[in-house]
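J.: Using full-length UniProt numbering, you'd call the opening residue of the sequence shown number 1 and step up by one each time.
No lab work stands behind these hints: they were computed from the structure.
Bear in mind that the values here come from a model prediction, so they are computed numbers and not experimental data.
Heads up, a few of these hints could be off.
[Said to hold, decoys possible] Only pairs whose alpha carbons sit at most 25 Å apart, straight line, appear in this in silico DSS-like list of lysine-lysine:
#: 1; residue 1: LYS163; residue 2: LYS105
#: 2; residue 1: LYS184; residue 2: LYS105
#: 3; residue 1: LYS214; residue 2: LYS197
#: 4; residue 1: LYS184; residue 2: LYS221
[Stated by the list, open to error] Across the chosen pairs, the derived CB separations fall in these ranges:
#: 5; residue 1: GLN306; residue 2: LYS148; range: 44 to 52 Å
#: 6; residue 1: GLY186; residue 2: PRO48; range: 50 to 58 Å
#: 7; residue 1: THR57; residue 2: LEU215; range: 36 to 44 Å
Beta carbons are placed, not taken as given, at the ideal position from N, Cα and C, and that holds for glycine.
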Amino acid sequence: MPRRTATMLASTLVLFALLCAGVFIKVPYSEMSPGPTVNTLGDSHGAPVLSIAGRKTYPTSGHLNMTTVRVTGADYDMSLVEAVYGWLAGDNIVVPHENLYPNGKTEAESTQENAEEFSQSQQSAKVAALKQLGIPVTARVIVSTVVKDSPSEGRLHAGDVIKAVDGTAVTAPEDVAKLVTKHKPGEPVEFTIVPAKDAAEAAKSGGNDPATSKLTITAGKAEGDGHAIVGIRAGTDHAFPFTIDIKLADVGGPSAGLMFALGIVDKLTPEDLTGGKFVAGTGTIDDAGKVGPIGGIQMKTIGARQAGAEYFLTPAENCASAASHVPDGLTLVKVSTIDDATKALEKISKGDKAGLPSCTG
């Protein structure tokens with residue numbers, strides 16, 4: 001065999017061996033890619049994403065799309081070849097597996113956490129939207145969770161409304177812990193509550209809270225410093241003056257909060273917020289309407305532009321990262337609050353592109 005042919009054959013065999021090795025060698029990385037976008041003003045799987053009953057709504061046009069990111073599963077073993085391909089592909093990002101699933105978090109644990117964050121984001125979106133419109137929202141302290149094998153197990157239940165502890169009214173979740181820790185382990189703690197079922201029925205009918213009941217729980221002892229505990233985590237729930245339903249399957253995490261809130265505002269506002277424009281965006285939102293940063297911003301801008309978006313509402317803290325790789329034809333709009341976002345939409349609807357707060361690198 002000629003030397004040149006032998007050399008080429010040997011090189012080919014080496015390359016083939018390296019490719020095979022690359023397929024079988026696993027690396028501790030995961031991949032992120034643009035996910036689907038959904039118009040919060042429209043339908044998903046044949047049903048409205050946002051439904052409002054008991055309050056007058058108004059026609060909407062255009063898009064207010066929430067955006068998502070696809071990620072490989074916690075149990076997915078990425079090969080070296082896939083990692084290299086992901087690094088070279090323009091629309092994907094390869095990141096350390098630990099970034100997406102820290103401390104060995106399983107896919108089931110991640111899914112559960114995302115579902116809880118998604119549920120909380122919906123509540124905050126409703127609160128922020130109604131506050132933006134000047135519609136009163138009643139906040140109440142509830143039992144968020146009951147610790148297994150604690151003094152409260154079987155006595156208090158998730159969703160119970162806590163009116164007072166030892167006769168002292170509570171107005172915030174932290175009030176409960178402060179009042180309980182005034183006791184010593186073994187002492188009785190009196191709770192004034194509205195049972196979860198009664199509170200839910202009253203909220204559904206639009207009536208006032210039903211009669212309260214009192215129960216006494218003997219405080220237990222916390223591990224570590226030994227302070228008094230009853231074994232619950234208090235949280236905040238809200239009673240809305242009318243019904244707002246948010247339905248969107250196969251989505252988790254808190255990052256759709258801003259777009260849900262804007263969709264609610266648009267449906268309850270006579271003016272058309274978008275003016276028919278295609279707007280997408282992302283961002284967490286709290287009860288006060290503050291917009292927070294999210295992960296995977298570049299993947300979301302790519303997905304938004306692929307769906308047809310012309311404008312992208314971007315959390316202020318994500319602006320630098322988003323501005324480093326902006327898809328052609330997409331205008332990034334910097335927002336820090338829901339008020340910023342509604343004012344930006346007013347400018348977008350009027351075609352005032354020059355007046356928009358922009359993101360810079």
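J.: Against this structure, judge whether each hint is valid.
T.: Hints, verified against the model:
{"no.": "1", "hint": "LYS163 / LYS105", "in the structure": "violated, 37 Å"}
{"no.": "2", "hint": "LYS184 / LYS105", "in the structure": "violated, 36 Å"}
{"no.": "3", "hint": "LYS214 / LYS197", "in the structure": "holds, 16 Å"}
{"no.": "4", "hint": "LYS184 / LYS221", "in the structure": "holds, 8 Å"}
{"no.": "5", "hint": "GLN306 / LYS148: 44 to 52 Å", "in the structure": "holds, 46 Å"}
{"no.": "6", "hint": "GLY186 / PRO48: 50 to 58 Å", "in the structure": "holds, 53 Å"}
{"no.": "7", "hint": "THR57 / LEU215: 36 to 44 Å", "in the structure": "holds, 42 Å"}
Violated hints, in rising order: 1 and 2; the structure is consistent with all others.
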